[in-house]
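Participant: With the hints as constraints, model all of the structure from the sequences given.
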Amino acid sequence: MLGIKELSLFFGAARILDRVQLQARPGELCVLMGPNGAGKSTLLRTIAGEYIHYRGSITLNGRELHQIPVAAQARQRAVLGQQLVLQMPFTVMEVAGMGRYAYYTRETSLDKAIVTYALQLLQVYDLKDRSYLTLSGGQQQRVQMARVLSQLLEAPDLDGVDYTGRKMLLLDEPVTGMDILHQQLSLQLATRLSQQGVLVLAVLHDFQLAAAYAQRIFLLKEGRLFTQGDVANVLTSAYIKSCFGVEVSVLHHPDCVYPLVATSPAGALFPSPADKAINVY
Amino acid sequence: MKQQARPAAYLTITAFTRLGSISILSILLLLVIIIATGTGAMHISPAQVVAILLERAGIRLPVAYPEHMVAVLWMIRLPRVILAVLIGAGLGISGAALQGLFRNPLADPALIGVSAGASLTAVVLIVLQPWLHFAGGNMWQSYLQNIITFAGAMITVWTVFRMSVYGNRAVISIMLLCGIAINALCGAFTGLMTFIADNEQLRNITFWTLGSLGGASWQTVLAVLPFVGLPVLLLPGMAPALNVFALGEQEAMHSGVKVNKLKTQLIIYATMAVAAGVAVAGIISFIGLVVPHITRQFTGPDHRVLIPCSALAGALLLTVADLICRTIIAPAELPVGIITAITGTPFFIWLILKDKRVIAV
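Line by line, the protein sequences give chains B and X.
Per my numbering, residue 4 is the first one in the first sequence, and the count goes up by one each step.
Per my numbering, residue 12 is the first one in the second sequence, and the count goes up by one each step.
Just so you know, the hints here were simulated from the structure itself, not pulled from any lab data.
Remember, it's a predicted structure, so these values are computed and weren't measured experimentally.
By construction, the Cβ of each residue, glycine as well, lies at the ideal position given by its N, Cα and C atoms.
The reader is advised that the hints may include incorrect statements.
Said to hold, decoys possible - No farther apart than 27 Å at their CA atoms in a straight line, the calculated lysine-lysine pairs in the DSSO-like style are these:
#1 B:Lys131 x X:Lys365
#2 B:Lys244 x B:Lys224
#3 B:Lys115 x X:Lys269
#4 B:Lys8 x B:Lys224
To be verified - A partial selection of chain X residues facing chain B, derived with a Cβ cut-off under 8 Å:
#5 Asn254
#6 Ala257
#7 Leu258
#8 Gly267
#9 Val268
#10 Asp313
Claimed, not checked - Not close to chain B: a few residues of chain X, all C-beta gaps over 12 Å, as computed:
#11 His54
#12 Ala352
#13 Ile363
Facilitator: Structure representation (structure tokens):
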């Protein structure tokens, strides 16, 4: 469904993405990982249609991205960005309702039902009349998630509709700042969406969350696709060491179905004060 | 802690439905129009005003009025009140639209150079008048003057807009900075023109800079009408997109808003509405800033309500301000720009101080 070939992106002379190739199928929950500055967010935003000056090709269901009108794009993919600054005191209900923009000219009862459903699913329905500006960071994030969900859904029900090949969800660090309960809820929600055929592509930093939820992991480094594959193949100490520069052990525990990534003691990353002193003089 | 103490202030007033607030403001505006039309050197009672107006429409009311009253109302009062309504509506609606575009409740039409460009053009016209001879007499000349002033404002805004384009899209923060620069440049040239001007021109310039509706006639009303009418008709249709735009440009694009088209249209309509007013009546400050702000306190930030209500409230406020200006020191007249600035500036300062906590964070 999503095909990326030889994708490069320049900002001025700086090459941010370097001949990235990747394929993702409908119903897959894909996770993008990589060190800071590897181009994860940029890749996600390019797929979201923000940078139309990319080289190479991005195809959605066989159509080149920049040939698809903005409104049609919005009806087949929803995006949850990293930083959202909203200065006007819209209510929670109004903010979530903005997700339906691509569908309505007049607000219908279906739109309302979907927004209500999404707010309930993210457990923020009881805040629906509060001003968005008075919410905590984590609550705001859940409202934004509800907005994005409203944009994706076609019925006020997660299970009823088959979205295979029609919907894509892009999430840029969706759970940063959420408590552990809502992290799990959000990613379980993403899993359920992928079971309905939605292609989910999420940037995550947490190995444990990635190991628990990803069906496929794309590892980026310095603008290139470093490696890809399922959890067992990608989350190995060798790949993590060469991609992130950190010594880790990948542990398997009988109570846990996915591998656990444990870092070595933090001190090992930096030279000891004595070594530093020698380097200076 | 403070947030907990006064949550009510942050709740939007949902009881004011869209139609409710629009009809309340419309009724208020109608009342103010009737009162303002009746007030002046010759007093005309509200009943007489209604009777005279309806008589034109063929409906006779049993109210007596002398014949010369009809002439005063029809030729002097009504054009002026209508002009105030039009210019006020234009300022209010473009303020609301631009605050939505800049995603900032403190934005003002003056920021992107509308007022500065219009002022400079008008002042240049005043100074160059002895050398310019427009064909077709006085009326044609005043028409042409309005159109040129409007064109001047358009050119400034277009320059600011073009300067802020980077990689196929207008960057709003750069647009604000360019607006400041262009404002300063236009201010400098306006100063230069003032320096060259002779005594009589200087009086003209001063009067114009202070803003006044004294030049109202049916011709000026007709000259302004399309420039205000078009935005008033078209901007409410862009309200849902503007709501989504509040999330941010990229988010609006992700949600299906054609961002570039929206920005271009908004800027053109807002400039139209403001520049036509500036061309006819000079600089009337703070209406574009204050009106959407007050309106938002009652309607909440939803542009579907805010935009039509800002137009109505702007019309209301300028009509009242103009009424005060022409009656407070009668038979002389105070420039209306002075009243709006004197009342608007403290309000603006209060807004900033009130939101200091939010702004500083």
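Participant: For every hint, state whether the structure bears it out.
Facilitator: Results of checking the hints against the structure:
1. B:Lys131 x X:Lys365: At roughly 25 Å apart (the allowed maximum being 27 Å), lysine 365 of chain X and lysine 131 of chain B satisfy the hint.
2. B:Lys244 x B:Lys224: Given pair lysine 244 of chain B, lysine 224 of chain B holds - Cα atoms ~12 Å apart, limit 27 Å.
3. B:Lys115 x X:Lys269: 23 Å, holds
4. B:Lys8 x B:Lys224: 17 Å, holds
5. Asn254: Holds, because the Cβ-Cβ distance from asparagine 254 of chain X to chain B comes to roughly 6 Å (cut-off 8 Å).
6. Ala257: Hint holds; alanine 257 of chain X Cβ to chain B Cβ min 5 Å, cut 8 Å.
7. Leu258: With a minimum Cβ separation of about 6 Å from chain B (threshold 8 Å), the hint on leucine 258 of chain X holds.
8. Gly267: Hint on glycine 267 of chain X: holds, closest Cβ of chain B at ~3 Å, below 8 Å.
9. Val268: 7 Å, holds
10. Asp313: Holds. Min distance 6 Å.
11. His54: 44 Å, holds
12. Ala352: The claim holds: alanine 352 of chain X sits with its nearest Cβ about 26 Å from chain B, beyond 12 Å.
13. Ile363: 14 Å, holds
In summary, the structure agrees with every hint in the numbered list given earlier.
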